[in-house]
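Colleague: Chains A and B supply the protein sequences, listed in that same order. Each residue of the first sequence is one higher than the last, beginning at -14 in the numbering used here. Each residue of the second sequence is one higher than the last, beginning at 59 in the numbering used here.
These aren't lab readings, by the way, just hints derived from the structure by calculation. Everything numeric in this text was worked out from a predicted model, so none of it was measured. Possibly wrong hints are sitting among the right ones.
Unchecked claim - Over 10 Å on every C-beta distance to chain B, these chain A residues come out as not near it, computed from the model:
1) P42
2) S44
3) A98
4) N118
Unchecked claim - Below, computed lysine-lysine pairings styled on BS3-like, alpha-carbon distance capped at 30 Å:
5) A:K41 with B:K117
6) B:K98 with B:K112
7) A:K41 with B:K112
8) B:K78 with A:K41
9) A:K(-12) with B:K146
10) A:K133 with B:K112
11) B:K85 with A:K(-12)
All C-beta atoms in this analysis are idealised placements derived from N, C-alpha and C, irrespective of residue type, glycine included.
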Amino acid sequence: MNKTISLTVNGVERTAEVEPRLTLLDLVREHFGLTGAKLGCDVQVCGACTLLVNGKPISACSMLALDADGCDVLTIEGLSKHNKLHPVQEAFVEFGALQCGYCTSGFILTTKALLDEIPHPSEQQIRDYLAGNFCRCGCYQEIIQAVKNVRSEA
Amino acid sequence: MRNFEYLEPTTVAEACALLKQNGGEAKIFAGGAHLTILMKQGLYQPRALINIKKIPGLKGIHCNDAGLSIGALVTHRELETSALVRDKLPVLCDAEREVANIRVRHMGTVGGNLASGEPLTDLSQIFIALDGRVKIAGPIGDRIVPVEELFIDFYTTILADDEIITEVMLPLLPKKSGIEYLRFSSSSVVDKPAAGVAVRLTLEPGSEIIQLARVVLGCVGATPVRAQKAEESLTGRRITLELAAEAGKTASQECDPISDLRGSAEYKRAIVGTLVKRAAIKAYERAVRN
């Protein structure tokens, strides 16, 4: 019944033997020990479990691990390079765009996907793209400010 | 989630055969946006999932003489961002901007959206207003059915246990036509709509008289429904604010909403009336211009 899948996680090729019912979130958290993405609502509403699959944000709580076979998966742990935070992470720190941090990895990854697609988004585009990520501490104003002020990587 | 067998056919015929073998105990798996939630909640416990994403030919959006063809595996996000759709039927791109959230739009597919029979959704109203049809593949070949006839009840469609939606076919709007889709969410923008209304109007050639009207109401009944009395009230007339308001009022009596966390039945009827009024005026403005 188990199946073997191969995928790239944060640039590293991995294989795993998984039950069909295993979610991608459980795969990265339980099998690979990457616990940055969190389980929140479990119904694709809150965004705490956001991962980027082939560059696109998805709810890992509701994606089967099998469905990520052959895919390129990015988790929050793969964002910083050589001990240096990614510019989106820098901006979130600079603008205090978090309190408890539970939603933060989802917000940061969604922001990365947004900026990869639209390098200079308008505030409305930011609000539209991030509308499906919830912050229960209510840091929305700071998050918008942070996203507007991400420095380019160059 | 209960475990299941994961099957990966490479042709539609093979997928239909697998469905038949499993005699109603298997589910087609495309984006999974809808299915995985119901499986986690234990509402569906299929013996097998049949992943159709490895079947070639179910992706892509094409335009031909008959109109726009949308493959069953096209995602909401692809519809939203397609230059072809933006050019031919921009109402779909505009509607998609408000469907769920960016993650669901990346995962969920057009075919899955229809096949789920989920009543709290958007696309089916627009497809029906455009006189769209679905292509359904089964063990003995394809059949083509108006989207209007696809839905039977809550989460129930005419699809047999061994059938798969493979394509949505949308005729392009004739000259002097306009369409508008309006939805209303009572909690947050990313919530499912409390009501979603499509109005499409086509004018008589060389005049401003409405020749054909489609008023389609969604989320306010077990299935999307055409408000035929409202359509009749618009047909043969020129639009005025009063006429649009009257059509809205008529439409609000042609649906069967339930009271739930998104609003009482009475409230939803009032919303339907307002949305139909506004959509009719917008559709008319577009029809006059085009």
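Colleague: It remains to establish, for every hint, whether it holds in the given structure.
Modeller: Outcome of the hint check:
Residue-level check failed: A:P42 sits 5 Å from the nearest beta carbon of chain B, not beyond 10 Å. Separation of A:S44 from chain B is inadequate, the least Cβ-Cβ distance of about 5 Å not exceeding the 10 Å criterion. Look at A:A98: its CB is around 8 Å from the nearest CB on chain B, not clear of 10 Å, so calling it non-interface is violated. In this structure A:N118 is not separated from chain B by more than 10 Å, as the shortest Cβ-Cβ distance comes to only about 8 Å.
In summary, the hint linking A:K41 to B:K117 is supported, as the alpha carbons are separated by about 18 Å, within the 30 Å threshold. Among the hinted pairs, B:K98 with B:K112 is consistent with the structure: their alpha-carbon atoms are about 24 Å apart, no more than 30 Å. Between A:K41 and B:K112 the CA atoms are separated by roughly 19 Å; this keeps the pair inside 30 Å, and the hint holds. Distance check on the hinted pair: B:K78 and A:K41 sit about 34 Å apart at the alpha-carbon level, beyond 30 Å; violated.
Using a Cα cut-off of 30 Å, the hinted pair A:K(-12) and B:K146 is violated, with the two alpha carbons roughly 43 Å apart. For the suggested pair A:K133 and B:K112, the alpha carbons sit about 39 Å apart, so the restraint of at most 30 Å is broken. For the given pair, B:K85 sits about 19 Å from A:K(-12) by alpha-carbon distance, which is consistent with the 30 Å threshold.
This entry does not satisfy hints 1, 2, 3, 4, 8, 9 and 10, going by the numbered hints stated previously.
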